[in-house]
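Chemist: Sequence:
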Amino acid sequence: MQLFTLSAALILATLSTRSSADSLSDWSYTCKDYYLSNPVLYASCKQENGQYDNTSINLDKCVTNDNGVLYCGTNGDYSSTCSDCTFTGTTVVCDCKDSSQIVHSTSIDLNQCLTNSNGALTC
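Under mature numbering (1 follows the signal peptide of the UniProt record, and there is no 0), read the sequence shown as residues -21 to -1, 1 to 102, first letter to last.
One should not assume that every hint holds.
What the hints assert, rightly or not - Capping the alpha-carbon separation at 20 Å, the derived lysine to aspartate or glutamate pairs in EDC-like fashion look like this:
{"no.": "1", "residue 1": "Lys76", "residue 2": "Asp39"}
{"no.": "2", "residue 1": "Lys25", "residue 2": "Asp45"}
{"no.": "3", "residue 1": "Lys40", "residue 2": "Asp56"}
{"no.": "4", "residue 1": "Lys11", "residue 2": "Asp32"}
{"no.": "5", "residue 1": "Lys76", "residue 2": "Asp45"}
{"no.": "6", "residue 1": "Lys40", "residue 2": "Asp5"}
{"no.": "7", "residue 1": "Lys40", "residue 2": "Asp88"}
{"no.": "8", "residue 1": "Lys76", "residue 2": "Asp56"}
{"no.": "9", "residue 1": "Lys25", "residue 2": "Asp5"}
{"no.": "10", "residue 1": "Lys76", "residue 2": "Asp88"}
{"no.": "11", "residue 1": "Lys76", "residue 2": "Asp63"}
{"no.": "12", "residue 1": "Lys11", "residue 2": "Asp45"}
{"no.": "13", "residue 1": "Lys11", "residue 2": "Asp56"}
{"no.": "14", "residue 1": "Lys25", "residue 2": "Asp12"}
{"no.": "15", "residue 1": "Lys11", "residue 2": "Asp77"}
The set of hints was computed from the structure by calculation and includes no laboratory data.
Between the sequences and the hints, there should be enough to build the whole structure, so can you do that?
Modeler: Set out below in structure tokens:
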């Protein structure tokens, strides 16, 4: 019985730690005061120790314009072909050119592209 109790306690401790780390990565719930100064997103994000750290990330590292549509993508450099970007909640809306230089209004929820890695925004 003691072995079962010890095993159960270890499993619960592991799950609790894992859940805490997983929830920390959800940047929109663990970061505050975020704003976009295109293409840089600024925020104050929670670290594992509970403290907040000021951080920023150039979204050109995480977002790409693929023929007039925004997608998550490493080293995407969306800002070179998109303009008039606005930021509401966690969504970026831009006017982006396609391969024929026609402009399309497109958006992306940054929850799909970003994580909070111990107080730092990452792709």
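Chemist: If you draw a straight line from the CA of Lys11 to the CA of Asp77, is it 20 Å or shorter?
Modeler: 33 Å, violated
Chemist: Would you mind confirming whether the straight-line C-alpha gap from Lys76 to Asp88 stays at or under 20 Å?
Modeler: 19 Å, holds
Chemist: Please work out if Lys25 and Asp45 have their alpha carbons no farther apart than 20 Å.
Modeler: Given that 20 Å is the threshold and the Cα spacing comes to 32 Å, the pair is violated.
Chemist: Against the 20 Å threshold, does the CA-CA distance of Lys11 and Asp56 hold or violate the hint?
Modeler: 25 Å, violated
Chemist: Would you check the hint for Lys11 and Asp45, treating anything up to 20 Å between C-alpha atoms as holding?
Modeler: 29 Å, violated
Chemist: Taking 20 Å as the top limit, are the C-alpha atoms of Lys76 and Asp45 close enough?
Modeler: 9 Å, holds
Chemist: Starting from Lys25, check that the Cα of Asp5 is at most 20 Å away, please.
Modeler: 10 Å, holds
Chemist: Compare the distance between the alpha carbons of Lys40 and Asp56 with 20 Å, and conclude whether the hinted pair is satisfied.
Modeler: The given pair, whose Cα atoms are some 7 Å apart, holds under the 20 Å limit.
Chemist: Given the proposed pairing of Lys40 with Asp88, does the C-alpha separation stay at or below 20 Å?
Modeler: 15 Å, holds
Chemist: Holds or violated: Lys40 with Asp5, Cα cutoff 20 Å?
Modeler: With a Cα-Cα distance of about 18 Å, the restraint between Lys40 and Asp5 holds, given a limit of 20 Å.
Chemist: Given the proposed pairing of Lys25 with Asp12, does the C-alpha separation stay at or below 20 Å?
Modeler: Roughly 12 Å between the alpha carbons, so the hint for Lys25 and Asp12 holds.
Chemist: CA of Lys76 to CA of Asp63, is that 20 Å or under?
Modeler: This hinted pair holds, its Cα atoms lying about 12 Å apart.
This entry does not satisfy hints 2, 12, 13, 15, going by the numbered hints stated previously.
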